[in-house]
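So the sequences go chain by chain: A and B.
The opening position of the first sequence corresponds to residue 1 in the working numbering, with each subsequent residue numbered one higher.
The opening position of the second sequence corresponds to residue 1001 in the working numbering, with each subsequent residue numbered one higher.
FYI, nobody ran anything at the bench for these hints, they're computed from the structure.
We treat Cβ as the ideally placed atom computed from N, Cα and C, and that holds for glycine.
Errors might be hidden in some of the hints.
With a straight-line cut-off of 30 Å between C-alpha atoms, the simulated DSSO-like cross-links for lysine-lysine are [claimed, not checked]:
#: 1; chain 1: B; residue 1: 1235; chain 2: A; residue 2: 312
#: 2; chain 1: A; residue 1: 142; chain 2: A; residue 2: 108
#: 3; chain 1: A; residue 1: 90; chain 2: B; residue 2: 1269
#: 4; chain 1: B; residue 1: 1080; chain 2: A; residue 2: 222
#: 5; chain 1: A; residue 1: 80; chain 2: B; residue 2: 1235
If you only want the chain B side, here are some residues facing chain A, beta carbon under 7 Å, derived [said to hold, decoys possible]:
#: 6; residue: 1045
#: 7; residue: 1129
#: 8; residue: 1191
Okay, the calculated bits of chain B under chain A, using three or more residues with CB under 8 Å as the criterion [stated by the list, open to error]:
#: 9; region: 1287-1299
#: 10; region: 1325-1335
Protein chains: 2
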Amino acid sequence: MLFNKEEYKNRLKRVQKSMQDKGIELLISQDTNNMNYLTGYDAWSFYYTQCVIVHVSAEEPLCFVRAQDAGGAYIKTYLKKENIIVYEEKYIHTWPMHPYDPLIELIKKNKWDKLNVGVEMDSHYFTAYCYEKLKQGLPNAKIKDSERLVNWTRIVKSNAEIEFMKAAALISQKAMQTAIDVINPGVRQCDAVGEIQKALFYGTSEFGGEYSSIATLLPTGKGTSASHLTATQDKFVEGEATIIELSGTYQRYHCPMARTVLLGKPDQKKIDTMNKTNEALKAGIDAAKPGKTANDVAQSFWKILDKYGIEKTSRTGYSIGIGYPPDWGEHTLNISKGDMTILQPNVTFHMIAVMQFGDWGVEASEAIRITDKGAELFCDFSKELHIKS
Amino acid sequence: MLFNKEEYKNRLKRVQKSMQDKGIELLISQDTNNMNYLTGYDAWSFYYTQCVIVHVSAEEPLCFVRAQDAGGAYIKTYLKKENIIVYEEKYIHTWPMHPYDPLIELIKKNKWDKLNVGVEMDSHYFTAYCYEKLKQGLPNAKIKDSERLVNWTRIVKSNAEIEFMKAAALISQKAMQTAIDVINPGVRQCDAVGEIQKALFYGTSEFGGEYSSIATLLPTGKGTSASHLTATQDKFVEGEATIIELSGTYQRYHCPMARTVLLGKPDQKKIDTMNKTNEALKAGIDAAKPGKTANDVAQSFWKILDKYGIEKTSRTGYSIGIGYPPDWGEHTLNISKGDMTILQPNVTFHMIAVMQFGDWGVEASEAIRITDKGAELFCDFSKELHIKS
């Protein structure tokens, strides 16, 4: 068990409190991260139906997995065996049969079919098919959007979670240093990622790494105008910049980091833009304090961009913690103007500034923890443009 | 451009033919693999809304991405710039605002709002929220399940695609050999994965590797009873077995492979079970010929299991090709009794036998191509229990 039972019980209670506030009696959460958060379940089985089911007054959640993953649930969750509900293999990709058929039977058997049922309407893997199955199978239930209530419960970390994120940060640093060392003219991008991946999994002697919920992003040259490109087998080119975005991962907790490296002679335009970006990041981070809002951080950040006449329309940060593919964002707090989420101690977010200008861009980021008095960085790694001339 | 324009045009035509057959005039495909297949688009941006939109008589599909990914779409797709439709950053995780709002506006602007619209009801990332937005935003459209028609179009590969899969197979072999070499008592699992990942990305001198759509699966010891467990930082233990499932990836094409390694003295029970498993796999593969069905392969496979009194309820294979997280399966053909999909030349599938017995298991697999006369294996790698004593 990754966390002590008290922590899991506390998580459950906070989720149930939020359910009460929203008038939800039964919650079906298919978000892989939420399932991990509430049960400890951890396996690459999220490519088809699995979920955690929370009744508002239950002592434990139910973990709903396919037969092939029952063994994994027994090993990984803190739950009593009776609370691991296994569906048959015959439902795997055999439409119109579907795992939500036995899920509906389970709900009926428990006489939960007239309750107010919360679902995660825009969660990865909660497909339209699942939703239609529920609506048709539970005509007497009132199905409503839970509005990411488990995600919102996750926004304030326990100290145990913070320790995992600090371990992830150490791994991020190691991998970023590796990236900057191995990115050189004439090196294939894929080979550089091979070394970065190795560093991410080796982690440190104390903290071994895991697969990250987002692949190493490595746009290079003209590709720096597009932040989500991954490596190809093309070689790095003298004179071009490369953006590296990666995250160390420890026990599914992430601490992402983005940096930009330039191969060849200093390019004053890129250096200046990087410096302005970092000035804006610093202004945002300086404004991050308990009691302030995400909007306050955003206002401070954009004030610097406005000073330099830089336009940036995308958000500049989001809440982080547990992550499974395809995302390490928590889908709650955004660092953007108008987001009035109040920062509390142990709120953690990734403050990331991507500056794109047609056919080039630079990027830097910090993973941040709100403390009792202000904010601290998880990582200690220079955000300057890393020039290798 | 990965494939020549003729190949992309041919894919589009086959999809449009299938749309006609199903009475679908406009297709919205959010499946990352389908989007790659029809446009060439390739980036880790599938964690929020993106899709390909196909009108039944259009000359090109539309690629719908967020502003931050426009640059990636210009670089990666074969499409005319006008067919890359960009939505604003303000829609990223800012519910109730949603990228399907501008998508609906686009559909209305094109006067497509009274058409028969096909959607991928159970596709990863086509969430219930997307579906509700469409239903409410297009009250005059007839929205129906496309029943994975693009996936079904993908089931028969072109020769160019087969070449990519062969490259992926070479990478799989290298990585599996690395895995068997580095898995030793006292080695941390994460460190072994570090080496495996390095091998997967380095690939060969000709074919560099990419991130796989499923992490390296590495259940060990008691964990071999659960096939989707990934590595921890625990050490491998003398006397225990480890299942390795991985895939080389080349230009997003996969060739997965599973093998089992045993550390320590030969364990006759595991050796026998591995041999029976491999006998069943061979029987299935021998039955795989053009004109035969998936069911024929399954019947031959299970006949061997029945002979040995081994019960296995899960399917023993599925179609493969392009892959993005969270899956490398194509969600079409299953190797299971009753699946009457006819095998044609250049149908490719992963035939995988997981045998689980309470607290242990063994596993082996082959990636298979149907040829003009029979079937051939993509990889050349012994399926015996790899004993390291």
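Do the hints match the structure? See the list:
Restraint check: the Cα-Cα separation between residue 1235 of chain B and residue 312 of chain A comes to about 47 Å, which exceeds 30 Å; the hinted pair is violated. Taking the CA atoms of residue 142 of chain A and residue 108 of chain A, the gap is about 14 Å. The hint holds against a cut of 30 Å. Of the pairs offered as hints, the one joining residue 90 of chain A and residue 1269 of chain B holds, with about 28 Å between alpha carbons and a cut-off of 30 Å not exceeded. Restraint check: the Cα-Cα separation between residue 1080 of chain B and residue 222 of chain A comes to about 18 Å, which is no more than 30 Å; the hinted pair holds.
Proximity of residue 80 of chain A to residue 1235 of chain B is assessed by CA-CA distance (about 27 Å); at most 30 Å being required, the pair is judged to hold. The restraint placing residue 1045 of chain B at the interface with chain A holds, with a minimum CB-CB distance near 4 Å, inside the 7 Å limit. Because the closest C-beta pair between residue 1129 of chain B and chain A is about 4 Å apart, less than 7 Å, the hint holds. With a cut of 7 Å, the hint placing residue 1191 of chain B at the interface with chain A holds, because the nearest CB-to-CB distance is about 6 Å.
Only residues whose C-beta sits within less than 8 Å of a C-beta in chain A count toward coverage, and the region 1287-1299 of chain B has 0 of them, not enough to reach three; the restraint is violated. Figure legend: the region 1325-1335 of chain B, annotated as covered by chain A; annotation consistent (6 residues with Cβ-Cβ distances under 8 Å, at least 3 required).
In terms of the numbered hints stated before, the structure departs from hints 1, 9, listed from lowest to highest.
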